[in-house]
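Protein chains: 4
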Amino acid sequence: MAGKKRELSGVLTPMVTPFKNDRVLFHGLIANVEKMNETGLAGYFVLGTNGEYKSLSVDERFQVLRTVVKYRAKGKGVMAGMGFESTKETIDMVLRAADEGADMASLLMPHFFAKKMTPEALAGYITDVADASPIPVVLYNNPSVASAVTIRADLIDRVKDHPNVIGIKDSSSETYRQNLEAAKGKMCVLAGTANYFLDLLKAGGSGGVLSLANVFPDACAKLYTLFREGKMQEAEALNTSLIALNKEVSGSFGVAGVKAAMDLCGFCGGDPRKPLLPLAAEQLATLKASLGKSAFAQ
Amino acid sequence: MAGKKRELSGVLTPMVTPFKNDRVLFHGLIANVEKMNETGLAGYFVLGTNGEYKSLSVDERFQVLRTVVKYRAKGKGVMAGMGFESTKETIDMVLRAADEGADMASLLMPHFFAKKMTPEALAGYITDVADASPIPVVLYNNPSVASAVTIRADLIDRVKDHPNVIGIKDSSSETYRQNLEAAKGKMCVLAGTANYFLDLLKAGGSGGVLSLANVFPDACAKLYTLFREGKMQEAEALNTSLIALNKEVSGSFGVAGVKAAMDLCGFCGGDPRKPLLPLAAEQLATLKASLGKSAFAQ
Amino acid sequence: MAGKKRELSGVLTPMVTPFKNDRVLFHGLIANVEKMNETGLAGYFVLGTNGEYKSLSVDERFQVLRTVVKYRAKGKGVMAGMGFESTKETIDMVLRAADEGADMASLLMPHFFAKKMTPEALAGYITDVADASPIPVVLYNNPSVASAVTIRADLIDRVKDHPNVIGIKDSSSETYRQNLEAAKGKMCVLAGTANYFLDLLKAGGSGGVLSLANVFPDACAKLYTLFREGKMQEAEALNTSLIALNKEVSGSFGVAGVKAAMDLCGFCGGDPRKPLLPLAAEQLATLKASLGKSAFAQ
Amino acid sequence: MAGKKRELSGVLTPMVTPFKNDRVLFHGLIANVEKMNETGLAGYFVLGTNGEYKSLSVDERFQVLRTVVKYRAKGKGVMAGMGFESTKETIDMVLRAADEGADMASLLMPHFFAKKMTPEALAGYITDVADASPIPVVLYNNPSVASAVTIRADLIDRVKDHPNVIGIKDSSSETYRQNLEAAKGKMCVLAGTANYFLDLLKAGGSGGVLSLANVFPDACAKLYTLFREGKMQEAEALNTSLIALNKEVSGSFGVAGVKAAMDLCGFCGGDPRKPLLPLAAEQLATLKASLGKSAFAQ
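Protein chains in written order, with the working numbering: chain A, 1 to 298; chain B, 1 to 298; chain C, 1 to 298; chain D, 1 to 298.
The reader is advised that the hints may include incorrect statements.
One copy or two, it doesn't matter: identical chains are merged, so the pair holds either way.
[Stated by the list, open to error] In the DSS-like style, the derived pairs of lysine-lysine whose C-alpha atoms are separated by at most 30 angstroms in a straight line are:
no., residue 1, residue 2
1, LYS293, LYS184
2, LYS247, LYS274
3, LYS247, LYS5
4, LYS116, LYS202
5, LYS20, LYS116
6, LYS35, LYS76
7, LYS116, LYS74
8, LYS35, LYS74
9, LYS160, LYS288
Hint data in this document are derived by calculation from the structure and do not stem from the laboratory. Remember, it's a predicted structure, so these values are computed and weren't measured experimentally.
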């Protein structure tokens with residue numbers, strides 16, 4: 001990595017926010033962190049898509065962040081999802097996240113006025129936030145939840161030399177290869193899904209933020225270790241299993257599926273917050289069957 | 001309108017929020033309200049798309065709402081845009097809007113998890129909010145800013161009998177005719193744009209929320225009056241002019257165009273909030289030329 | 001009534017607070033008020049036992065009070081339940097209730113330190129609050145929810161000459177006759193239940209706060225009118241029906257029963273707030289059967 | 001203790017809230033904490049019965065909590081009394097207590113609707129709160145102030161496996177032995193009074209929350225130490241003295257007696273808050289005489 005930019009590597013869990021009757025189950029969140037502290041995970045990504053961050057009030061977001069910061073084990077990093085629609089609010093909130101102990105901030109691109117979010121507008125946004133932020137910022141490319149606002153190579157070129165823009169988490173299978181190319185030597189690239197995590201590592205990426213790590217943190221962390229130790233045959237085998245599982249959990253059922261799988265595997269997933277609905281009975285049965293067949297069934 | 005539901009008719013202005021250096025120009029907002037108070041407008045829609053509500057902090061939103069409530073003339077209604085992503089936060093905020101004096105609340109559908117927003121999930125959301133709200137709610141169909149979440153007739157059928165769901169503001173040219181049909185006798189329908197405002201009135205709609213009313217409130221209000229008085233020839237002629245103007249202002253340039261046109265026509269438009277950019281010099285020149293040619297040029 | 005004390009007579013409904021998922025259904029509350037506005041009720045008692053006031057936050061209590069004040073028809077009074085444990089908090093809250101438009105305040109006796117609530121301590125409490133309050137106060141005797149703290153004749157003797165202590169609502173079948181005697185000519189006495197409402201009227205009482213009026217406001221108001229018009233035979237017959245119904249609704253099932261009966265009879269009862277539980281399925285079936293057999297079944 | 005539940009042991013003082021003219025004497029509270037910091041106490045229980053918590057507004061409660069958290073010595077725990085009547089408000093307040101730095105929350109059972117507080121309803125309440133709370137919860141059994149709602153073994157059986165329900169403070173001489181049996185190996189049990197503190201320790205309990213520790217913190221802490229060191233003869237002798245004293249202070253005069261004794265012994269007791277009355281002159285004389293005869297008279 002060029003210059004003094006902070007290295008960003010390994011597997012982070014995009015923490016879910018467990019709910020019951022639309023209230024946050026803080027004890028469940030703490031229990032999840034304490035269990036994951038025992039694994040080889042690099043850290044926690046709080047307040048992302050899997051965390052249903054847009055369904056939380058601003059105060060609730062910081063209660064969640066504060067809780068994860070307080071209970072995470074020494075050495076585990078905390079990245080906070082801080083993408084708001086305006087430059088001003090994003091900066092105000094990134095300052096607050098830094099005060100609460102977040103190690104870095106992740107920025108989903110503004111997308112309410114999607115058609116107007118030109119590379120010029122987005123580069124201005126990223127630069128303004130990165131200039132103002134006391135903690136490093138990581139771009140978050142997720143066109144599936146951001147009204148098709150996509151981070152592409154031309155945008156990366158505009159911001160990659162900023163010393164406080166340290167990486168990109170790419171959740172788009174269409175763009176990650178070009179973005180990796182564009183970022184080379186300037187910004188870390190993390191896979192936003194297990195589907196191409198190993199593929200991205202092999203191409204020069206440095207880690208992943210994997211929703212599957214909410215359910216199988218050990219297996220996800222192990223895949224990274226196997227890759228780093230050069231045990232490629234084992235890595236490929238494990239990768240195949242994880243991709244299959246990921247399709248049956250997150251792929252089929254989204255956040256509600258991840259949460260249900262957590263409940264089945266000893267973590268606290270809880271319900272999604274309304275209007276997002278939990279799995280229907282038949283969906284839950286399908287999920288149970290998938291998990292039962294997996295190599296990780298206990 | 002069936003039963004005792006509140007009638008909702010005439011032209012409302014979707015108020016812009018003027019900014020300078022990313023700060024709200026409250027005095028400019030007040031000046032706009034005071035000018036519009038003198039016109040035949042039915043009222044104000046605050047905190048909508050033209051109000052860049054997603055670019056405001058929650059506290060700023062209520063400062064804006066409070067300001068318009070305070071300065072609006074007697075008889076002018078205030079509808080507050082209160083679509084948040086979770087049922088819980090929407091309800092909390094609608095209660096606060098009612099406390100601040102809003103007459104009704106407008107609900108943009110949750111769309112962060114767009115693919116999961118089935119008619120069932122959305123009907124649950126609308127019903128939960130309408131049950132809990134002390135003020136009537138108006139649905140807001142705007143798939144262009146809501147990640148393609150669209151309100152269609154099947155959803156209207158599920159909620160139209162709720163006594164606190166009084167109308168729909170439809171900003172989609174694809175759906176408004178079917179939605180009008182589905183809502184008949186149960187909910188008011190407002191056009192979300194000048195493009196089909198008269199068309200919708202003729203088909204049984206009751207009003208419009210027209211961004212063009214920020215620039216030409218008198219002309220927009222007059223179109224409604226002409227229609228109500230049965231002066232159809234005059235109405236059609238005025239309508240043709242307004243549709244042409246609307247294309248050159250909002251159609252070409254969006255919120256930034258509306259704001260620039262306001263500044264040119266004696267209102268306070270101000271800048272958009274970053275990262276949304278103001279018009280470039282050549283865009284501004286084009287806009288000036290369009291407005292100069294219009295029948296409303298002063 | 002001696003002096004200039006405000007007269008307090010007729011039937012008041014102790015309004016329930018409808019909940020769904022532990023949130024207040026404000027629209028349902030408004031609908032209830034609007035329906036009851038059409039009846040011969042004298043007014044509304046908000047924030048009492050049936051209103052589950054101790055299950056509401058202080059801010060929620062005032063939202064409920066404000067809502068009923070706003071929607072009550074002209075001529076209908078609003079009495080607000082304002083019994084807090086300390087003299088100081090009760091006074092602070094009574095002032096706030098007066099600001100919100102309550103016509104009078106009802107005081108449940110402090111009971112956390114029940115054994116120390118001697119007539120001397122309670123008389124001091126009542127006098128301090130009545131002195132400070134801009135609105136008249138009404139004592140509320142309900143030993144069943146107040147840890148056996150009971151208002152008896154010796155306490156009434158100590159406070160009945162206070163010009164701002166205008167009445168007592170008595171929900172204890174053991175005490176109401178002696179309390180009526182003690183209050184004679186000094187304070188109004190209201191029955192706290194349908195069980196002895198007519199009995200108390202005949203003995204000189206002036207009205208009632210009847211949970212059954214949530215379900216059958218017309219019948220409850222009519223009983224009062226029949227009595228005032230001297231139509232005693234009709235009054236006795238109606239009274240017999242109402243007492244029987246009251247036992248099957250409130251008597252058997254408490255607040256949850258009142259709410260369920262409201263839902264069955266076209267009002268919005270909603271759920272109780274947890275940990276208070278709604279009726280179980282078999283309880284609901286029993287209630288339905290009772291209501292179906294009643295003379296008021298539609 | 002099973003699993004990783006936090007251990008809860010030693011003597012905690014249920015802090016009084018000193019008042020003068022119904023205002024909290026914060027400086028007196030601070031002085032009390034600073035003196036108790038020098039003793040062998042394990043920590044402070046704020047906002048309990050002795051703290052007259054129900055006589056404080058919600059904001060005052062958090063001012064008191066914040067003050068004790070700020071001034072307590074390192075190593076002293078703070079348990080906050082957070083029993084409200086509804087599940088929702090209890091959770092909201094426990095979150096706020098955690099934000100203010102409380103180490104754990106104590107839950108008095110809801111009791112306004114005492115007859116409906118079945119083991120099922122209470123187990124639901126405890127579980128909902130424990131799930132949502134970021135800090136461990138401790139049950140508080142005190143039927144004398146909670147309208148006879150009693151925590152018994154059947155309720156403990158329903159909640160003792162919850163990882164966030166770590167203990168019970170039992171203030172009922174009728175139930176503590178059975179509750180200790182039911183909780184064995186799953187939850188800590190603390191005595192709620194000096195009367196059976198040593199008795200409970202001998203039977204396997206782990207500590208006590210003793211109102212007498214407001215007056216004689218050293219002696220109370222010493223009793224615990226003697227027991228832990230196996231010096232049973234000394235422990236029994238001291239215990240006999242403390243029980244005798246407890247009867248003359250708290251037993252005869254309740255909270256007002258504890259406060260008066262504090263004033264006599266160099267702490268700041270202050271007045272109770274009205275309508276709770278301070279000791280009458282003759283009561284105070286009796287108390288003085290009792291304390292003068294005690295082995296701890298200075």
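Inset, instruction - Could you tell me which of the hints above the structure violates, numbers in ascending order? - result: 1, 3, 4 and 7
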